[in-house]
Amino acid sequence: MTPDVPRDPLANAEWSHPEPSARVAAAIRNECTTDLAPVKRKNGRTRAILAFAVSAVIVGSIAWLRRDMSRPDGAFRAALLGAVGWGLVQLLVLGLGLARAPGRRASRSWRIAAALLIPAIFAVYLFLDSTRMLSMQHLLQTEGIMRCTVWSLVFGSVVAGTVLTLWRRTDPFDPGISGALAGLVGGLTGAVTVGVACPNFEAWHLCIGHTLGLVVLGVAGWLIGRRWLAP
Amino acid sequence: MDEYVGGNPSAFDELYRRVSPKLFGYLYRLTRDRGVAEDLLQTTFAKVHRARQSYLAGAPFLPWVFAIARRTFYDERRIAKIRTEDLSADGTLPEPRVEMKRVPDDVSEALERALDDLPEAYREAIELTKITGLSIAEAAQVLGATEAAVKLRVHRGYNQLRRQLESYKRSS
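Line order of the protein sequences matches chains A and B. Converting from the first sequence to my numbering requires adding 1 to each position, the first position being numbered 1. Converting from the second sequence to my numbering requires adding 1164 to each position, the first position being numbered 1.
Worth flagging that the hints you see were computed from the coordinates, not collected in a lab. Quick reminder that beta carbons are idealized off the backbone N, C-alpha and C, glycines included. Hints are all accurate, no fakes.
Estimated spans, in silico, between C-beta atoms of each pair: (1) VAL125(A) <-> ARG1181(B): 50 to 58 Å; (2) ARG46(A) <-> GLU1311(B): 21 to 29 Å; (3) GLN1217(B) <-> VAL125(A): 35 to 43 Å; (4) LEU89(A) <-> SER1299(B): 33 to 41 Å; (5) ILE50(A) <-> ARG1327(B): 51 to 59 Å; (6) ALA1221(B) <-> GLU15(A): 35 to 43 Å; (7) ALA79(A) <-> THR1310(B): 38 to 46 Å; (8) ARG1181(B) <-> TYR126(A): 51 to 59 Å; (9) GLY1308(B) <-> ALA121(A): 23 to 31 Å; (10) THR166(A) <-> ARG1327(B): 49 to 57 Å; (11) ASP1280(B) <-> LEU93(A): 41 to 49 Å; (12) GLN1217(B) <-> TRP65(A): 33 to 41 Å.
Here are the simulated lysine to any residue pairs, SDA-like style, with alpha carbons at most 20 Å apart: (13) LYS1211(B) <-> ARG30(A); (14) LYS1186(B) <-> GLU1276(B); (15) LYS1294(B) <-> ARG1196(B); (16) LYS43(A) <-> SER1218(B); (17) LYS1211(B) <-> ALA26(A); (18) LYS43(A) <-> GLY1170(B); (19) LYS1315(B) <-> SER1299(B); (20) LYS43(A) <-> ARG170(A); (21) LYS1186(B) <-> SER1299(B); (22) LYS1211(B) <-> THR166(A); (23) LYS41(A) <-> HIS1213(B); (24) LYS1294(B) <-> GLU1284(B); (25) LYS1294(B) <-> PRO1185(B); (26) LYS1211(B) <-> LEU1179(B); (27) LYS1294(B) <-> PRO19(A); (28) LYS43(A) <-> PRO1224(B); (29) LYS43(A) <-> PHE1225(B); (30) LYS1211(B) <-> SER1184(B); (31) LYS1186(B) <-> VAL25(A).
Given the sequences, and given the hints that come with them, work out the whole structure.
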């Protein structure tokens, strides 16, 4: 004799399905279709290419203007190679984190990890690239930390602003995270630009003066993106 | 959506016909006020209209519009909370109304009441998946949570609903 299987009381639950009034439907239709004209859209790939192009122009221009500056042997070439490497990281962030349609991008965890870890990895990279390190008490005397921070913010803001503008109103799911990635892309441009222009290879100078802008723009991008990037 | 972006009004009519019943039902359950839900529906579609130029092709439309609606609801709720309370005519704060809960008339009403009594996170997960019909992945996108978290909320919320419904059936 088979035991009675208890039936799920919710299995055939009848939920109510209210509908909006005809007046509201008409008002919505009127607002959304009056003078409706086709609009041109840029796809994600085009936006990513435009953003990267702006970044490349800034880095390339500054590298060209500062190419004859006196610095240790091989330092300029190393800075250019570093710029190329971090440019590839930028493309990865743009491609996986922003270019695809929301809902089809890299996972939320990956995007958060990228926003948090890339600045940290960049700071470690600069520390390893440094040629000397002053003691902590000389920190505030380290030449040009403020100057490099400001310039990295200036250049980075141009690119971050471009990315935020190109992606405006595109992400209702995680606009804050998308904004942080936009700030990160700009921050990388700023950091790399001062990297190819700056002759100072002291560790504190690099880790603070060349990285602080990256962190500031990431946080600013998150704050601005929460409103700016949501429809 | 692509046709609507291309300027076709009848594409909007089709979009509205497919989406508005589910969207309105969701907003009505969030607000429990028909007037407010209709306002939010109108605001949501206004945002969809403004954002159609920036809608990236390939984005799943239903979760996209539900995420806009959800954000609109929470933005309006946040604005309403920071407004000062209206004073009564003699300048005193109004007395809070005590709602007497009457016994539900039927199973449907009992279900809706049980849904209202769920914690917000469970309620939203159930509304999006069991009532609206979104997949777990789509609901996770709307809620900004992982699929595992949404599954857990649905499971726990469902168990709570089942217990409430059984208790109602026993008492009636």
